[in-house]
Amino acid sequence: MTNRNRLGLTWISYFSYALTGALVIVTGMVLDNIAQYFQRPISEMSNTFTFLNAGILVSVFLNAWLMVIVPLKRQLIFGFVLMILAVAGLMTSHDLTVFSLCMFVLGVVSGITMSIGTFLITHLYDGRQRGARLLFTDSFFSMAGTIFPIIAGILLARALPWYWVYACIGVIYLAIFVLTLCIEFPVLKSEAAKPGVEKEKWGVGVLFLSIAALCYILGQLGFISWVPEYATKSMGMDIAAAGQLVGNFWTAYMVGMWVFSFVLRFFDLQRILMVLAALATGLMYWFVTSNDASMLHWIIMTLGFSSSAIYTTIITLGSLQTKVSSPKLVNFILTCGTVGTMLTFVVTGPIVAKGGAHAALSTANGLYAVVFVMCVLLGFVTKHRQHGHVTH
39 MTNRNRLGLT
49 WISYFSYALT
59 GALVIVTGMV
69 LDNIAQYFQR
79 PISEMSNTFT
89 FLNAGILVSV
99 FLNAWLMVIV
109 PLKRQLIFGF
119 VLMILAVAGL
129 MTSHDLTVFS
139 LCMFVLGVVS
149 GITMSIGTFL
159 ITHLYDGRQR
169 GARLLFTDSF
179 FSMAGTIFPI
189 IAGILLARAL
199 PWYWVYACIG
209 VIYLAIFVLT
219 LCIEFPVLKS
229 EAAKPGVEKE
239 KWGVGVLFLS
249 IAALCYILGQ
259 LGFISWVPEY
269 ATKSMGMDIA
279 AAGQLVGNFW
289 TAYMVGMWVF
299 SFVLRFFDLQ
309 RILMVLAALA
319 TGLMYWFVTS
329 NDASMLHWII
339 MTLGFSSSAI
349 YTTIITLGSL
359 QTKVSSPKLV
369 NFILTCGTVG
379 TMLTFVVTGP
389 IVAKGGAHAA
399 LSTANGLYAV
409 VFVMCVLLGF
419 VTKHRQHGHV
429 TH
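In this note's numbering, the protein residues as written are 39 to 430.
Derived from the structure by calculation, the hints contain no laboratory data.
It is possible that some hints are incorrect.
As the list claims (entries may be wrong) - Straight-line C-alpha distance at most 30 Å; calculated DSSO-like pairs for lysine-lysine: (1) Lys366 with Lys239; (2) Lys366 with Lys111; (3) Lys361 with Lys239; (4) Lys361 with Lys421; (5) Lys421 with Lys239; (6) Lys366 with Lys421.
Stated by the list, open to error - Pairwise CB distance ranges (calculated): (7) Asp276 with Phe116: 34 to 42 Å; (8) Leu100 with Ala213: 19 to 27 Å; (9) Glu222 with Gln74: 46 to 54 Å; (10) Leu120 with Val297: 31 to 39 Å; (11) Trp296 with Phe76: 34 to 42 Å.
Note that the structure is predicted; figures quoted are calculated from it, not measured.
Idealized CB from N, CA, C, for every residue including glycine.
Turn these sequences into a full structure, and let the hints steer you where they fit.
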């Protein structure tokens with residue numbers, strides 16, 4: 039493979055995570071405006087975003103098999119067409135059913151590109167380089183989380199319609215589309231078609247990591263989706279300041295990923311994961327119980343930095359539970375995390391309806407505690423040390 043092709047495929051991976059991050063993270067910023075647009079209660083309106091998360095889940099789950107059947111380039115070109123149709127639907131329709139359908143389509147497009155992006159990184163890089171590249175790729179999710187809440191805050195503060203936020207997000211896929219047309223993609227073959235490949239048992243450690251992935255993403259998105267509502271309604275901030283709060287989290291998260299991509303090489307992954315999960319749980323508890331609005335910016339920045347390496351380390355540890363890294367194992371853990379994405383408003387919507395945004399943040403804190411418990415249990419059964427992967 040030429041360096042030009044490798045570089046192009048790597049950038050497609052980066053942009054694929056940025057697309058997913060932008061779509062998922064701006065929800066909390068535009069939720070109130072969309073609820074007013076459709077004249078529905080905000081807790082009820084949040085449930086319609088389950089269609090976005092369901093689309094991501096369905097496409098990530100199915101694409102583990104579809105990637106072998108449908109060429110990657112064709113999938114991404116088709117995704118660009120779907121993206122245009124979905125954004126056009128949001129901008130031209132005032133019907134809630136059409137809105138839900140467009141959200142589902144955006145989720146499908148996002149899931150397809152993210153699963154392709156994850157595969158490309160695991161296909162192009164090995165060993166230590168794979169872990170570092172995965173972490174750096176995931177930082178683009180955070181980068182989008184830094185940029186797009188600020189963009190959304192600016193657009194909404196100037197009284198522009200909420201759907202222009204999604205039009206801006208569409209620019210990311212335009213970059214993916216242009217790259218797709220200019221480079222060649224690897225041709226995939228089914229693992230069953232490869233002679234002499236013996237299936238390796240995953241082990242109970244994968245179960246703990248899968249639960250941790252689900253609870254972490256559900257907790258993270260449940261927290262960050264309701265921070266704007268909590269900040270504006272309970273802490274007296276305006277929408278721009280609330281957007282800055284979310285932006286601060288993802289900025290620190292992004293910087294943390296860059297730092298930990300270097301630091302993690304010197305620590306045992308399971309132990310550092312356990313420490314980071316404990317620290318993140320404590321910091322979120324501090325945020326939820328703090329009454330000082332000025333402190334929230336510092337707490338959320340520290341939380342973003344401390345928790346930045348958790349999800350990618352979960353995926354990396356999962357890939358190290360077998361002697362030979364299995365793309366299906368990685369995709370399985372990624373799917374579990376995506377289930378957490380899908381459940382975000384299914385779980386938090388009713389909680390907000392009954393107890394307000396603060397109750398949703400407290401629930402997210404409890405889910406982070408579960409992640410910590412899973413990391414502790416993993417220490418008793420992990421196979422990454424016996425496979426000689428300690429320094430990966």
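Status of the hints after comparison with the structure:
no.	hint	result
1	Lys366 with Lys239	12 Å, holds
2	Lys366 with Lys111	20 Å, holds
3	Lys361 with Lys239	10 Å, holds
4	Lys361 with Lys421	9 Å, holds
5	Lys421 with Lys239	11 Å, holds
6	Lys366 with Lys421	17 Å, holds
7	Asp276 with Phe116: 34 to 42 Å	41 Å, holds
8	Leu100 with Ala213: 19 to 27 Å	25 Å, holds
9	Glu222 with Gln74: 46 to 54 Å	47 Å, holds
10	Leu120 with Val297: 31 to 39 Å	36 Å, holds
11	Trp296 with Phe76: 34 to 42 Å	39 Å, holds
The structure fails none of the hints (numbered hints given earlier).
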